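Asker: Residues per chain are reported as follows:
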Amino acid sequence: MIELVSAARCVTCDKCVAVCPTNVFDRGADGVPVISRQQDCQTCFQCEANCPTDALFVAPHTHPLPAESSAHDEEHLRRTGLLGSYRRDIGWGHGRTPGAARAVGPALSPSGPPLIS
Amino acid sequence: MTLELDADVLVVGGGPAATWAAFKAAEDGASVVLADKGYCGTSGATASGGTGVWYVPPEPEAREKAMASREALGGYLADRRWMARVLDETYDRINELAEVARYPFPVGPDGEPLRNGLQGPEYMRRQRIRVRRAGVSIVDHSPVTELLTADDGAVAGAAGYQRQADRAFRVRAGAVVLATGGCAFLSKALGCNVNTGDGALFAAEVGAELSGMEFSNAYGIAPEHTSVTKTAFYNYATFYRADGSVLDGAGSQRGRSVIARTLLASEKVFCKLDRADEAAREAMRRAQPNFFLTFDRLGVDPFTQPFAVTLLAEGTVRGTGGIRIVDDGCATTVPGLYAAGDAATRELICGGFTGGGSHNAAWAMSSGSWSGRAAARFARALGPSARERRVRAAGGAGLRPTGTTSSVSAAEVVAAVQAEVLPYDKNYLRHGDVLRTALGQLDGTWSAVRSGLRAEGTDVVRARQAAAMVAHARWMYTSALARSESRGMAKRLDFPDLDPAQHFRITSGGLDEVWARPQEVTA
Numbered sequence: 001m002i003e004l005v006s007a008a009r010c011v012t013c014d015k016c017v018a019v020c021p022t023n024v025f026d027r028g029a030d031g032v033p034v035i036s037r038q039q040d041c042q043t044c045f046q047c048e049a050n051c052p053t054d055a056l057f058v059a060p061h062t063h064p065l066p067a068e069s070s071a072h073d074e075e076h077l078r079r080t081g082l083l084g085s086y087r088r089d090i091g092w093g094h095g096r097t098p099g100a101a102r103a104v105g106p107a108l109s110p111s112g113p114p115l116i117s
Numbered sequence: 001m002t003l004e005l006d007a008d009v010l011v012v013g014g015g016p017a018a019t020w021a022a023f024k025a026a027e028d029g030a031s032v033v034l035a036d037k038g039y040c041g042t043s044g045a046t047a048s049g050g051t052g053v054w055y056v057p058p059e060p061e062a063r064e065k066a067m068a069s070r071e072a073l074g075g076y077l078a079d080r081r082w083m084a085r086v087l088d089e090t091y092d093r094i095n096e097l098a099e100v101a102r103y104p105f106p107v108g109p110d111g112e113p114l115r116n117g118l119q120g121p122e123y124m125r126r127q128r129i130r131v132r133r134a135g136v137s138i139v140d141h142s143p144v145t146e147l148l149t150a151d152d153g154a155v156a157g158a159a160g161y162q163r164q165a166d167r168a169f170r171v172r173a174g175a176v177v178l179a180t181g182g183c184a185f186l187s188k189a190l191g192c193n194v195n196t197g198d199g200a201l202f203a204a205e206v207g208a209e210l211s212g213m214e215f216s217n218a219y220g221i222a223p224e225h226t227s228v229t230k231t232a233f234y235n236y237a238t239f240y241r242a243d244g245s246v247l248d249g250a251g252s253q254r255g256r257s258v259i260a261r262t263l264l265a266s267e268k269v270f271c272k273l274d275r276a277d278e279a280a281r282e283a284m285r286r287a288q289p290n291f292f293l294t295f296d297r298l299g300v301d302p303f304t305q306p307f308a309v310t311l312l313a314e315g316t317v318r319g320t321g322g323i324r325i326v327d328d329g330c331a332t333t334v335p336g337l338y339a340a341g342d343a344a345t346r347e348l349i350c351g352g353f354t355g356g357g358s359h360n361a362a363w364a365m366s367s368g369s370w371s372g373r374a375a376a377r378f379a380r381a382l383g384p385s386a387r388e389r390r391v392r393a394a395g396g397a398g399l400r401p402t403g404t405t406s407s408v409s410a411a412e413v414v415a416a417v418q419a420e421v422l423p424y425d426k427n428y429l430r431h432g433d434v435l436r437t438a439l440g441q442l443d444g445t446w447s448a449v450r451s452g453l454r455a456e457g458t459d460v461v462r463a464r465q466a467a468a469m470v471a472h473a474r475w476m477y478t479s480a481l482a483r484s485e486s487r488g489m490a491k492r493l494d495f496p497d498l499d500p501a502q503h504f505r506i507t508s509g510g511l512d513e514v515w516a517r518p519q520e521v522t523a
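Residue numbers (the numbering used here), protein chains in the order written: chain A, 1 to 117; chain B, 1 to 523.
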C-alpha cells in the first residue's frame with residue numbers, strides 16, 4: 001500500500017491524485033497530496049511510476065504498515081535505492097530508455113519466443 | 001449540477017478493450033466519450049500487470065498449432081472461426097501498435113523484433129495518448145452506475161457519479177460499449193480492485209444475458225500479503241512445506257489445487273524460483289520489473305530464499321465468463337449495447353479456461369476494435385434524432401431500493417459476498433452441496449441489497465459495486481450448478497469427469513430471479 005508521500009520532494013503536480021485508479025489521494029491544503037483512503041489502495045504501484053520526483057513509496061504489503069516501519073523512512077528508502085526504483089526499472093523519466101524496449105526475458109518453453117512482458 | 005454530455009458512442013471502462021473500442025469508433029467518424037471509474041491509462045489488470053499477447057504470424061501451420069493448443073484445456077467450447085478472426089485482428093492491431101503507435105517492442109537475440117507481449121504501464125500510457133489524439137473525450141474518475149434506455153428498450157446512454165468533482169453525470173449516446181473488465185471481488189489481485197463486475201450488472205438490468213459464468217474461479221499466485229499475481233515465473237518454482245520438504249504435486253500450471261488444499265489445511269506453502277539458471281534470472285528481471293518489486297521491497301531473493309505464497313481470486317478477470325455476445329460486432333442481445341474485453345465472455349476463443357494474459361489481451365484488442373466500429377455504425381444508422389430520444393434510468397439494486405429503510409451497508413454486502421466467493425473450499429474446489437449453501441446465502445444477501453441498500457452522492461459507487469458483486473456471484477454458482485461435470489476450469493469434486501453429453505455453453509441472467517440454461521455451441 002501507499003505508505004509515504006515526501007513533502008520535501010513533492011512538486012504539487014497533482015499527478016498521483018489524477019492517476020490513482022482507486023482514488024486514494026486528496027490534494028492537501030498546501031498542495032501536497034494526502035493519503036485519505038489508504039484502505040482503497042490496491043498496491044498497483046501506478047502512483048509511484050507516475051511521480052516525476054520519486055516522492056511516493058508503495059510498500060508491497062496489502063495491509064497498512066506500523067508507524068515505525070522503514071517504509072516511512074525516506075532517508076532509508078533513498079539510501080537503499082528503493083525510492084523511485086519502479087520508475088527507474090520501467091525506464092520512465094527524462095533521459096531514460098523505456099524498459100519495454102529491452103524487456104527480453106527467458107523463453108518458457110524450448111521452442112517458444114522469449115517472454116517480453 | 002449534473003454534468004450532461006452526449007456522443008455517438010459511449011465507452012464504459014478505461015483498459016485495453018475500452019481504449020481500442022474508443023479509438024476504432026473515433027476512427028470510424030463517431031464522436032466518442034470514454035468514461036472510466038479510475039484513470040484511463042492506469043486502471044485495470046493490464047495497466048498494472050502487463051500481458052503476453054496471442055500474436056501468431058499468419059502461417060497456416062503456426063495458426064493451426066495456436067488454435068489446437070488450448071481446445072482440450074478449454075473443454076472444447078471455443079469456436080474455430082472466432083479464434084481465426086481474433087488471431088487476424090490481433091496480428092493487425094499489434095503491428096499497428098508497433099508501426100503507427102511506435103510502441104517500443106524489444107528486439108530478440110537474432111535481431112528480429114519481438115511482438116508477443118506488452119508492458120502494462122507503457123502500453124496503457126500510450127493507449128491513453130492515442131485515444132485523446134483521436135478526439136475522444138476521456139472523463140476519468142467517473143464511474144458509470146447505470147444505463148439509460150429509450151422507449152423501445154434500446155440502450156441510449158449511461159449515468160454515473162464523478163468521484164473527484166463530486167457531481168452526477170449523464171451521457172446520452174447512440175450506442176454504448178461496456179468494457180468494464182471482469183470481477184475479482186476486491187481480492188487485491190494486481191490492478192483488479194476496479195474490476196467489480198459493474199458492466200455485467202448494468203447489462204443484466206436492461207435484459208442482456210451472460211455466458212460461461214461457471215468459468216469464474218481463477219486464482220493467481222502471489223507472495224503472502226502482497227498483490228503481484230503475475231504467475232509466469234512460477235514455472236521456475238519449487239514449492240515447499242514449512243519443514244523444508246518438497247510439496248508433492250504442487251505447481252503453477254498443474255498443481256495449483258495442491259497449493260489451495262495445503263493452505264486450507266492451515267499449512268503455509270513456501271516457494272523458491274530455484275529452477276532458473278543465472279541467465280534466466282537476469283532476463284526475468286528485464287521482462288517483468290513489477291514481478292521483482294515485491295521481492296526487492298520485502299528484502300527477499302526469490303531464487304535462493306523461500307517465501308510464503310497465497311492464492312488471490314481473479315474471478316472472471318482470468319476466468320472466461322461474461323456478457324453474452326451474439327454477432328461479429330460484439331453486440332449483446334439488447335439493441336445499442338455492446339460488450340468487449342473481460343466484461344464479455346471469452347469462451348468464443350478460450351472455451352472454459354485461460355491461463356495467462358495472452359488470449360485475454362488478444363480478445364481485449366479484437367473485441368474492443370470490433371465493438372467500437374459496430375457501435376459507431378449503429379449510432380450512425382440511428383441518425384441525429386437519437387439524441388432526442390426520451391430516456392429512463394435502468395439501475396435497481398443499490399440505487400433504488402424497494403424498501404423504505406436503509407438496512408445494510410455496502411461494506412457489509414462486500415464482506416458477505418467475499419465470504420462466499422474467496423474461500424478455496426467454496427469457489428476453487430467446488431462441490432455441489434457447498435455451492436448450493438453458498439448460493440442460498442448469496443440469494444439472501446441479494447434480497448437485503450434489493451430492499452435496503454441505499455446510498456447518496458459518491459457512496460452510490462460503492463453500493464453499485466457491492467450489488468454487482470452479489471449478482472456476479474449468483475450467476476457464477478447458478479451456472480456452476482447447471483453443469484454436473486468438470487469442464488475447463490469449472491471443476492466439480494462431486495462430478496470429476498467431463499461428460500460428453502454436456503458439450504454446451506451455459507447462458508445465464510436475471511437479477512431477482514437468476515436463471516441458467518444450456519446453449520448449443522455455435523458461432
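Derived from the structure by calculation, the hints contain no laboratory data.
This one's a predicted model, so the numbers in the text were calculated from it and none came from an experiment.
Be careful, since some hints might not be right.
What the hints assert, rightly or not - Straight-line C-alpha distance at most 25 Å; calculated SDA-like pairs for lysine to any residue:
id : chain 1 : residue 1 : chain 2 : residue 2
1  : A       : 15        : B       : 248
2  : A       : 15        : B       : 60
3  : B       : 426       : B       : 459
4  : B       : 272       : A       : 27
5  : B       : 65        : B       : 504
6  : B       : 65        : A       : 113
7  : B       : 272       : B       : 261
8  : A       : 15        : B       : 133
9  : B       : 65        : A       : 27
10 : A       : 15        : B       : 162
11 : B       : 426       : B       : 162
12 : A       : 15        : A       : 98
13 : B       : 268       : A       : 61
14 : A       : 15        : B       : 426
15 : B       : 65        : A       : 15
16 : A       : 15        : B       : 241
17 : A       : 15        : A       : 91
18 : A       : 15        : B       : 151
19 : B       : 268       : B       : 296
20 : A       : 15        : A       : 27
21 : B       : 65        : A       : 110
22 : B       : 65        : A       : 107
23 : A       : 15        : B       : 3
24 : A       : 15        : B       : 459
25 : A       : 15        : B       : 261
26 : B       : 65        : B       : 498
27 : B       : 272       : A       : 98
28 : A       : 15        : A       : 32
29 : B       : 268       : A       : 107
30 : A       : 15        : B       : 163
31 : A       : 15        : B       : 268
32 : B       : 268       : A       : 109
33 : B       : 272       : B       : 258
34 : A       : 15        : B       : 498
35 : B       : 426       : B       : 165
36 : B       : 272       : A       : 110
37 : A       : 15        : A       : 37
38 : B       : 65        : A       : 104
Asker: Given the proposed pairing of residue 65 (chain B) with residue 107 (chain A), does the C-alpha separation stay at or below 25 Å?
Answerer: holds, 18 Å
Asker: Check the hint pairing residue 15 (chain A) with residue 268 (chain B) against an upper bound of 25 Å on the C-alpha distance.
Answerer: violated, 39 Å
Asker: Does residue 61 (chain A) sit within 25 Å of residue 268 (chain B), going by the straight-line distance between their CA atoms?
Answerer: holds, 17 Å
Asker: Is residue 15 (chain A) within 25 Å of residue 3 (chain B), Cα to Cα?
Answerer: Holds. Residue 15 (chain A) to residue 3 (chain B) sits at ~23 Å (cutoff 25 Å).
Asker: Are the Cα atoms of residue 272 (chain B) and residue 98 (chain A) separated by 25 Å or less?
Answerer: violated, 29 Å
Asker: Is it true that the CA of residue 65 (chain B) sits at most 25 Å from the CA of residue 104 (chain A)?
Answerer: holds, 24 Å
Asker: Take a quick look at whether residue 15 (chain A) and residue 498 (chain B) sit within 25 Å of each other, Cα to Cα.
Answerer: violated, 51 Å
Asker: Decide if the proposed pair is consistent with the structure: residue 15 (chain A) and residue 91 (chain A), CA atoms, cutoff 25 Å inclusive.
Answerer: holds, 18 Å
Asker: Under the criterion that the straight-line Cα-Cα distance not exceed 25 Å, is the pair residue 15 (chain A), residue 459 (chain B) satisfied?
Answerer: The given pair, whose Cα atoms are some 24 Å apart, holds under the 25 Å limit.
Asker: Starting from residue 65 (chain B), check that the Cα of residue 15 (chain A) is at most 25 Å away, please.
Answerer: Distance of about 45 Å is beyond 25 Å: violated.
Asker: Quick one, are residue 268 (chain B) and residue 296 (chain B) close enough, alpha carbons at most 25 Å?
Answerer: The hint holds at about 21 Å.
Asker: Are the Cα positions of residue 65 (chain B) and residue 498 (chain B) separated by 25 Å at most?
Answerer: holds, 23 Å
Of the hints listed earlier, those the structure fails to meet are numbers 1, 2, 3, 4, 9, 11, 14, 15, 16, 18, 25, 27, 29, 31, 32, 34 and 35, in rising order.
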